[in-house]
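These protein sequence lines are chains A and B, in that order.
With the first letter of the first sequence counted as 1, position 925 gets the number 924 in numbering that gives the first Met the number 0; the numbers rise by one all the way through.
With the first letter of the second sequence counted as 1, position 106 gets the number 105 in numbering that gives the first Met the number 0; the numbers rise by one all the way through.
All clues given are correct.
Distance condition first, Cα-Cα at most 35 Å in a straight line; then the derived DSBU-like pairs of lysine-lysine:
{"hint": "1", "chain 1": "B", "residue 1": "K420", "chain 2": "A", "residue 2": "K111"}
{"hint": "2", "chain 1": "B", "residue 1": "K446", "chain 2": "A", "residue 2": "K111"}
{"hint": "3", "chain 1": "A", "residue 1": "K990", "chain 2": "B", "residue 2": "K446"}
{"hint": "4", "chain 1": "A", "residue 1": "K488", "chain 2": "B", "residue 2": "K332"}
{"hint": "5", "chain 1": "A", "residue 1": "K270", "chain 2": "A", "residue 2": "K957"}
{"hint": "6", "chain 1": "B", "residue 1": "K122", "chain 2": "A", "residue 2": "K487"}
{"hint": "7", "chain 1": "B", "residue 1": "K89", "chain 2": "B", "residue 2": "K320"}
{"hint": "8", "chain 1": "B", "residue 1": "K428", "chain 2": "A", "residue 2": "K990"}
{"hint": "9", "chain 1": "A", "residue 1": "K990", "chain 2": "A", "residue 2": "K1005"}
{"hint": "10", "chain 1": "A", "residue 1": "K76", "chain 2": "B", "residue 2": "K446"}
{"hint": "11", "chain 1": "B", "residue 1": "K332", "chain 2": "B", "residue 2": "K65"}
{"hint": "12", "chain 1": "B", "residue 1": "K351", "chain 2": "A", "residue 2": "K944"}
{"hint": "13", "chain 1": "B", "residue 1": "K332", "chain 2": "B", "residue 2": "K115"}
{"hint": "14", "chain 1": "B", "residue 1": "K268", "chain 2": "A", "residue 2": "K76"}
{"hint": "15", "chain 1": "B", "residue 1": "K428", "chain 2": "B", "residue 2": "K446"}
{"hint": "16", "chain 1": "A", "residue 1": "K76", "chain 2": "B", "residue 2": "K351"}
{"hint": "17", "chain 1": "B", "residue 1": "K287", "chain 2": "B", "residue 2": "K351"}
{"hint": "18", "chain 1": "B", "residue 1": "K122", "chain 2": "A", "residue 2": "K488"}
{"hint": "19", "chain 1": "A", "residue 1": "K944", "chain 2": "B", "residue 2": "K287"}
{"hint": "20", "chain 1": "A", "residue 1": "K944", "chain 2": "B", "residue 2": "K433"}
{"hint": "21", "chain 1": "B", "residue 1": "K346", "chain 2": "A", "residue 2": "K494"}
{"hint": "22", "chain 1": "A", "residue 1": "K988", "chain 2": "B", "residue 2": "K446"}
{"hint": "23", "chain 1": "A", "residue 1": "K742", "chain 2": "B", "residue 2": "K433"}
{"hint": "24", "chain 1": "A", "residue 1": "K76", "chain 2": "B", "residue 2": "K320"}
{"hint": "25", "chain 1": "B", "residue 1": "K446", "chain 2": "A", "residue 2": "K1005"}
{"hint": "26", "chain 1": "A", "residue 1": "K239", "chain 2": "A", "residue 2": "K273"}
{"hint": "27", "chain 1": "A", "residue 1": "K368", "chain 2": "A", "residue 2": "K207"}
{"hint": "28", "chain 1": "A", "residue 1": "K1005", "chain 2": "B", "residue 2": "K433"}
{"hint": "29", "chain 1": "A", "residue 1": "K957", "chain 2": "B", "residue 2": "K420"}
{"hint": "30", "chain 1": "A", "residue 1": "K171", "chain 2": "A", "residue 2": "K194"}
{"hint": "31", "chain 1": "A", "residue 1": "K76", "chain 2": "A", "residue 2": "K146"}
{"hint": "32", "chain 1": "B", "residue 1": "K89", "chain 2": "B", "residue 2": "K65"}
These are computed hints drawn from the structure, not numbers from a lab.
None of these values were measured; they are calculated from a predicted model.
The residues making up each chain are set out below.
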Amino acid sequence: MASNKKYWRSVEELNEDSAIVKALQDNEFVTEIPTDEFLGNKGALESSSTTRRDFLKYVGFSTAAATLAACEGPVVKSIPYVVQPHDVVPGVANYYASTMADGFDFANVLVKTREGRPIKIERNDLSENGGSANARVHASILGLYDKNRLTGPLLNGAGVTWPEFDTAMAQKMNEMSGKDIVLLTQTFASPSTSKLIAEFTSKYPNIKHVVYDTVSCSGALDAFQNKYGSRALPDYDFSKAEVIVSVGADFLGDWQGGSYSRSYAKGRVPKNGKMSRHIQFEANLTLTGGKADKRVPATPTQQVQILKALTGGSTSGLPENIADAVNKAKAQLQKAGNKALLVTNLPDVASQTMALNFNAGSEAMDVNKPLLTRQGSNSEVMNVVNGVISGNIKGLITVGVDPVYSLPNATEFAEAYQKLEMSLAFAIKQDATASLAKMVAATPHYLESWGDAQLKKGTYSLTQPTIRPLFNTRQFQECLLQWTGNSKKYYDYIKETWTASVLAGGSWSKALHDGFTTSDAEVMMETVKPASEGAGLMEESTSNGALSFLTQEGGYDLTLYTSTGLGDGQQANNPWLQEFPDPITRASWDNYLTVSAPDAEALDLVNKHVSNGALNGSYANVKLGNVVIENVPVIIQPGQAKGSVGLALGYGKTAAIQEEMQTGVNAYALYQNFSNIQKVSIEKASGMHEFACVQLQSTMAGRSEDIIKETTLEIFNTKDRSVWNSIPVTDYDHSPISVREEKADIWSPFDTSIGHHFNLSIDLNACTGCGACVIACHAENNVPVVGKDEVRKFRDMHWLRVDRYYAAGETFKEEIETLENLPAFDSYKVVEVPAYENPQVAFQPVMCQHCNHAPCETVCPVAATSHGRQGQNHMAYNRCVGTRYCANNCPYKVRRFNWFLYSENDAFDYNMNNDLGRMVLNPDVVVRSRGVMEKCSLCIQMTQKTILDAKREGRPVKDGEFQTACSKACDTGAMVFGDVNDEESEVLKLKKDDRMYHLLENVGTKPNVFYHAIIKNTSEA
Amino acid sequence: MHIPVTNKKLYNQQMKKVNFIHLRSKLPLLLLVFLLTFSTTIYSQDAAADNAAAGGDVAAGEALFKANCAACHKLDKKAVGPALRGVGDKFDRDWLHKWIRNSQALIASGDAQAIKLFEENNKAIMTAFPALSDADIDDILAYVDQPKAEPAPAAAGAAPADGTAASGGGSVSNTLVIGALALIFLLLVIMLYLVTNTLKRIAEANGVVYEEKEKGTPIWKAFVQNQFLVLVFTVFLLLAAAYFGFGYMMQVGVDQGYAPVQPIHYSHKIHAGDNQIDCNFCHSSARKSKHSGIPSLNVCMNCHKNISEVAPETATEEYSKEFYDGEIQKLYKAVGWDAENQEYTGKTEPVKWVRIHNLPDFVYFNHSQHVTVAGIACQTCHGEIQEMEVVEQFAPLTMGWCINCHRETNVNLATNEYYAKIHEELSKKYGVEKLTIAEMGGLECGKCHY
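Chain A with its partners taken away, still in its complex shape (with noise of 0.2 Å):
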């Protein structure tokens, strides 16, 4: 009874006489090879002016050129250092303490360098309260060796120096003294930075400093402020709330800066028969939506009801569904005290003042210690731009945002940039601001950079440069300090401020080597101040009128939302995050319209699969007000609250970002007064849109309760472990027995018991599906980008995929009893379609499960994979020939087969097409080449370099020290990796633990790599 539960990966699984479905599960390739396409013609053939003989000849030629060129070797030089640094030893990485603070993402970071070069950013775990690693994060190394970057300052377009163009803004000052000229920037959060524009406004009085983030959280900031006095957002430590109310608030993704993943894991695996309970009331289905013990679609429009009611309104007029939901979330919420939660994140200053309110006595909420990680103010933005289109502001200085690419009315604002007298931009790469700028300073990435910043109030992070800047670049601080007649160098500058008041005593190089240090100290931060500055220029806390448009009759409720590739947008040109697929939808290289399936019928939009199993869907125009948006892909979302549409923010971008990686729409014209929340009308427009969509990618052919194991809080905890976590039996002598006993099995066993034994342990409780984990396998075993086309013919090259898998039954206990009283044949659909309405959600890491009994090792004809005793599966690239046997064999469908050659191909033409971009490669790892199946080694060349320290230092490897990329960059602590044959080691005990079971068990495949069965807190009082 406990998993069988049905759960799908796409809507098409759900039709039964699904011919593609069906397609998919009988055969590897869907599609005929078509051989008609170039033997079909016999026109072309016979006119081909390529006799068969010539064929022949030009074939016997190149192969007897190419022998004899193959039997001379190559001359390879080796250029070594004429003085080498001190600490750098060819061969062995370097790990240096940074942070990235890009204005929309902040976190500590550990960056890896070989030989002088950044190869990798990791998670700094060290620090507490430094943000989190997040897939953005752990991509931006790329950002550094991106060949669209700026190389030098611009003058009108020509390149100058830095002395000219240092000259030249002297001379501007100079005419512009007594005009208004407004710095805009993105969030700082800098102490240093904050200090430093303190000083350059006094030297310019007429410069006014106006923080921006592209994605506002104006409104709670605001309520922040009118309650406590500062501007910053509450921290939350979600591991200390036992119950948990969600209205609208993606927390698990990029809701207030998005950081709480760890904390909430924290309180999600069960301890001592404990976990928190988690009701999330929402419009788009999030991660956090997808993590919920209980989710209930509701509109933002129902939304702004529903937090009214949680805070003591009234349900009338909610659906009775939503209405019961909201009174027993009251209830629980009542219940725990001063252990309870409520989140939202509707825009407006009265709802984020509500749950501020609700949470004041909350043992969860911080407010002593807020996050300084967001200061914009929308009002004083929106003068900004109303001066600027007004003309009343006559200079205007960007450092950091994009306000051409990313303001609502951007056209307007464009036309009227142009006229400025002044317009100077602060820019990596020529976006679309820079590209219109009379005046362009090209910044460094931060990997090049040095900076400070206090993302949490007494909690400073450091920045320091790891490489030495590509190009002819200077960061804006030094620029300022260059500009207030200051001689020194930012270093000095930031070091000299946390002497004075920061360190507090505290020493400055461990800070450095730490990259951050807590202080008591406090600090002048430069803080926008808009209440004290007249009228009108901040909401009353008890206005709702941002919202007062939700009330309109007709259209759809827009929730505009931050995918967890993209974000805000600014890393658009990177491969990597443009081919990570959005954990919810599955889909790459895109942002499309998420919509109902009810609303999608009355709007005759469509989603189909082709033949190949790649999805197709309608297109629409999305209208609000006078700005239309045409031909913006629709997916239909299970789970999408009727009424309601989604759509991602920060595609669309066409400055500085090549080809490839323009997609999708820039939904930012959608976002009117910086509010995620909009009514918009919908129309179907012609056409249909080719998605790169790996959803319905290897089918689970019926076998889901191998893949997904899940049950009740109650029942784990009242119940034996075979009740939920069964093993699977199979049958022996006509009798049944464990798969797990050694008689099952035709093979003979490894010996597993000496050495070291590697397991990896993932707990689906914990998992968030954040995809941090792809990201960094990505960087560690340099992966290839396939692009689009390829994503879509499903010949991505993931080592590492995180599966998203959609339940029926909007509780548990719900779905078994329905299950229970049906007659079997009609339980599949009555169970299956108001599931569609809101499925249950779970995130499934797969990678390479390193089976002790492989199915691919036993099938290759030239053995170039075989097992390692450590229980690795070892995969021989310059063996493999090519066969796919392997991959055909592998019930997990974990094998990637390169299609292509990736790097070095013009077709191909992502970071391993340039010289620039392949500085990222880790030298450790072989770069495969065309024909050749690759997939996850479990990180051997780390599991083999921690072997050697410990060899080298003659000491045993202590517990924790083996580690993969994946487990590396888990932030949430769901992926422990180590030696099982470890007494004392962590993973050890995981895999004693009940909830431990193996993917499709059943097969006897003996896989290293086993999960931990999700738990859902369904308890309702």
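Since the structure of chain A is already known, use the hints to place chain B on it.
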């Protein structure tokens, strides 16, 4: 140093083999040069011995000079300190005793001459040598005050001119003799032919008739007609072709003996052999990294800042002292060292060495595993490197070669804590005390290929 995995731009160049320089023809000349050199050396030493009588023991002085002074001073060239030849004549001997024993004290005492000297030499502080006695210093001074051995370089320089002429003459006469002989032989052949012809005509004129020999089946025809022989021969041919073909194919890409010409003629024989410098002294990263590391040029300069020329006895028949000195100059050029002014110019030209031991990209090899953990001598894989004037690839570097060693070599388990547990378990399993690398899992594909 590190070649990026995908950087194969250099692959299209052809492999270059070293040019063996045969000097046999120049042997007499070199002998002559040597004789001259030797004799002049003897002459100069005689002169030195004469000198010694004047002040001190030259031989003892030389030893002391090399032990104490040579790090900073040279006889005829400025190094860190000034050139020293003839210094005993320039200064008062007592003053010199004081100066050498403790120059700083002398300067502090306000000695005008000392202060002047100190300032002339950029205020470089000279190490004090309180342990040297007056006699020792006199010995050193006797050594440094020897007149410069002028004739030696002159003779060495003059000799090649003579030699070339002489050896050139030799080869000319050889060719001449052979040419003359060939001409005589040719004449003889022509004469013989003419004589036969004449004789034949005479015989014909005299009516002599020759008997015609009856022709049998030619041997090749007989062979073709014998089918058995043809079959056997064909089979043999095919087998031989297969055998040699296989042998040929197996050596494709095996560059054993590869000894390319390097941009700087660096002699491992001089450094590791004659001077017994430990390999790890320069290839320090071999102990802690996967790369042995070609030393960066600043490592060379640790010694070569002071060693700007080789000793005369370093020169060999093949490579003259001038040749080696020229190679050191190449180093100076590359690292940007101005030997005249003893300073770095900042203009550097990194040396593009030709890589000799070149594993394919898909093989992972780690030096530190072999050098530090296993304690394997460098020579095991690189050959008697200390005897190689020009380094060549000693081992075939094939997979079979790696595997063989892994099969045969016992792991050094005794002193390494890491192996304690695994050793105990494995020796129980195999019932042996010693374990080979293969038994430890050293033959698994994934240990070297990832």
